[in-house]
Amino acid sequence: MEALLAGIIASLTGCGVYLVLRAYTFPVVLGLTLLSYAVNLFLFATGRLTVGQPAVISAEAAGYADPLPQALVLTAIVIAFGMTAFVIMLAVKAQAELGNDHVDGRPEAAASSRRDAMGDAMGDAMGDGQADPGEEHP
Amino acid sequence: MLPLLLPLAAAILLLLTRRRVSLAVRRRLNLGATLLELAAVLWLLALVTGEGILVYQVGNWPAPYGISLVADRLSLWMLLITALLACCALSYAVQGTDSGSRHFHPLFQLQLFGLNGAFLTGDLFNLFVFFEVLLLASYGLLLHGGGRARVRAGLHFVVVNLAGSTLFLFAVGTLYGILGTLNMADLAVRVAETAPEDVGIVRAAGLLLFTVFALKAALLPLYLWLPAAYAHTSAPVAALFAIMTKVGAYAILRVETLIFGDAAGPLAHLIEPMLLPLALATMTVAALGVLSARGLRRQSAYLVVLSIGTLLTAFALGTPAGIAAGLYYLPHSTFAAAALFLLADVIARGRGALADRLDPGPTVPAAPVVGGVFFFLAVLISGLPPLSGFLGKWMLLQAALDRPGMAWVLALVLSASLLTIVALARSGSLLFYRADGAVRGDAAAAAVTGTGSGSGGAETLCLAEDGRAPGTVTGSRVDWPRLLPVLGLAGLCLALVLAAGLVTDFTNATAEAVLAPERYIQAVLGVDGAR
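Chains L and Y supply the protein sequences, listed in that same order.
Heads up: the first sequence at position 25 corresponds to 25 in our numbering, and the numbers run straight through without jumps.
In our numbering, each number is its position in the second sequence, counted from 1, plus 138.
No lab work stands behind these hints, which were simulated from the structure alone.
Quick caveat, the model's predicted, so the values are computed rather than measured.
Check before you lean on any hint, since a few could be wrong.
Away from chain Y, derived, C-beta distances all over 10 Å, residues of chain L [unchecked claim]:
no.: 1; residue: M1
no.: 2; residue: L5
no.: 3; residue: G7
no.: 4; residue: A10
no.: 5; residue: Y18
no.: 6; residue: Q53
no.: 7; residue: P54
no.: 8; residue: V56
no.: 9; residue: E60
no.: 10; residue: A61
no.: 11; residue: A65
Partial selection, computed: residues in chain L whose CB lies under 8 Å from chain Y [as the list claims (entries may be wrong)]:
no.: 12; residue: F42
no.: 13; residue: L43
no.: 14; residue: T75
no.: 15; residue: I88
Using N, Cα and C, we set each Cβ at its ideal position, and we do this for glycine too.
Could you put the whole structure together from the sequences, leaning on the hints where they help?
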């Protein structure tokens, strides 16, 4: 069971990281969701994997399941759910405002020439964002 | 604990009344709540300096099982800075930034709730929860007002921070899986007793935690989200965000000294060897960023990164003197950066379409006053003698004198200061001396003339900050309601100089307490909490 769970967490994390590094908002949101699933499973496993053990004290119990990770997971799920909802709304708004769903708001540069996109990204990081094409021109 | 309940109650109240009560009343409510928080923090500060560490066990569950809230000197110092900053940022925001949507005021209070909670909590998972609270509020505040650049920068900010939260959870989960506790004081005890075969995995978890905090603090490889996000948001929000990076610095200091402190056996000083080089490198890159920025707001954002570099350099020294210097530098850099963000907005309002871009343009309305304030802030930030920046950096350098790597610290701190002076001098002369005085009248006219002379480019009336037309500042009248918060922040820095003796006594005592976590651990894990 441990190997199965570890494999699931690993593949979810791997897929999540890959998707987060994509250039369009939909895969990024999907990747963040997968990452949060992975971390929820991981948190769940920190209480050690047990089957059929009670979490509440009882007289005839042989051992106990750790109740704390379950509480943590519940909190983490709620937070991740809220955050996902928020980031989806933000992605929709970005799509509406910027006219496309590229994370930097300019698909041509990234699609046509990777070198240009790199140059823009560097300029954006070090210099002024207002120099970007397609921005601040109503 | 009062500083937690007050903003939460205020936020709920403001949220419920958002359709019923007029904006003016809600502004007064929010200001009143913020001032009350300040009073509560001052009261707690008096209690803590008198009686020592206050611990509140939520729901009265005993320490390692329940969630504890801990108020020691370090927490309260951060709370005090937050409350003072919030007052100034809010009194700027009520000049019109908050009119865009009904949710500005509740979000502002929720942000304070998250910040206060992050500073007060004594539980690692609870720290995560409060991080999320403050981040979710900050997403809302960041996007307040909308606009293309803001949405784009906001998207990056949100995604980066969500990835950071996931890492945080992984780190917390690993620590819990190995050590079986999440209470920070209890963690400190258990880390010292780590079994030899588990040392590696706990180290990995500790470094993951450090990565997350470095992301929040905008340390070198992880700072790229900051300049765009801070430069494009509205001024009072950027001013309030000046404390957000300090949350990361606070968390690094807390975890480094409490959990991975001297007593942690094989895991002692886990982060220290990496912190100093990273902080110095952050400082260097940020100084170059300050120099190359083409807008005043982006320049201010890089100054925030620069101050984080300086601050973490001080913390990385690991001596009481170094940490005390950092704790003195922290409020100074927070207030100064916030004041510069606000002033940049005042300047941008007066320059029509040119906004805060560093190109020669029309004269800023009331240039002598605004320019004077800018000069004062520039002196303050770059650390020239009479003001608090100088004192902070001087203490930092003195603390570094007998440490290894002294030459690097001295050289980089001083050259970063020099680059800051050069950059701010250039900005000041571009904004105030090379202005062509031909433009008079209201700012809308300035915008048209600015484009006419070719310096404004193609955009005519693109500046609609907070949804207003750029004709709100008229003539050469001084915009006192907006300038007063700036002057207030500058006055706080001045107070730091005037009360330097008092403040350094406090920061020295705080640094001693931070480096001796035994009392903290005893206070939290003791049989019955102090309160």
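Now the hints, each set against the structure:
Residue-level check passed: M1 (chain L) sits 16 Å from the nearest beta carbon of chain Y, beyond 10 Å. For L5 (chain L), the condition that its CB be more than 10 Å from all CB atoms of chain Y holds, with the nearest at approximately 13 Å. Its beta-carbon lying about 17 Å from the closest one in chain Y, G7 (chain L) satisfies the requirement of being farther than 10 Å from that chain. With a least beta-carbon separation of about 12 Å from chain Y, A10 (chain L) lies farther than 10 Å from that chain, consistent with its non-interface assignment.
With a closest Cβ-Cβ approach of about 13 Å to chain Y, Y18 (chain L) is found to remain outside the 10 Å limit, as its non-interface label requires. With a cut of 10 Å on Cβ distances, Q53 (chain L) stays outside the contact zone with chain Y, its closest approach being about 16 Å. Residue placement check: P54 (chain L) keeps its beta carbon more than 10 Å from all beta carbons of chain Y (closest about 18 Å). With a least beta-carbon separation of about 15 Å from chain Y, V56 (chain L) lies farther than 10 Å from that chain, consistent with its non-interface assignment.
With a closest Cβ-Cβ approach of about 24 Å to chain Y, E60 (chain L) is found to remain outside the 10 Å limit, as its non-interface label requires. The Cβ of A61 (chain L) sits about 19 Å from the closest Cβ of chain Y, beyond the 10 Å cut-off, so the non-interface label holds. Every CB of chain Y lies more than 10 Å from the CB of A65 (chain L), the least distance being 14 Å, so the non-interface label holds. The interface hint given for F42 (chain L) is met, as the beta carbon of that residue sits about 5 Å from the closest beta carbon of chain Y, less than 8 Å.
Hint status for L43 (chain L) relative to chain Y: holds, with the closest Cβ pair at about 5 Å, below 8 Å. For T75 (chain L), the interface hint holds, since its Cβ comes within 8 Å of a Cβ in chain Y; the closest pair sits about 6 Å apart. Taking 8 Å as the C-beta contact cut-off toward chain Y, the hint placing I88 (chain L) at the interface is violated, the least distance being around 11 Å.
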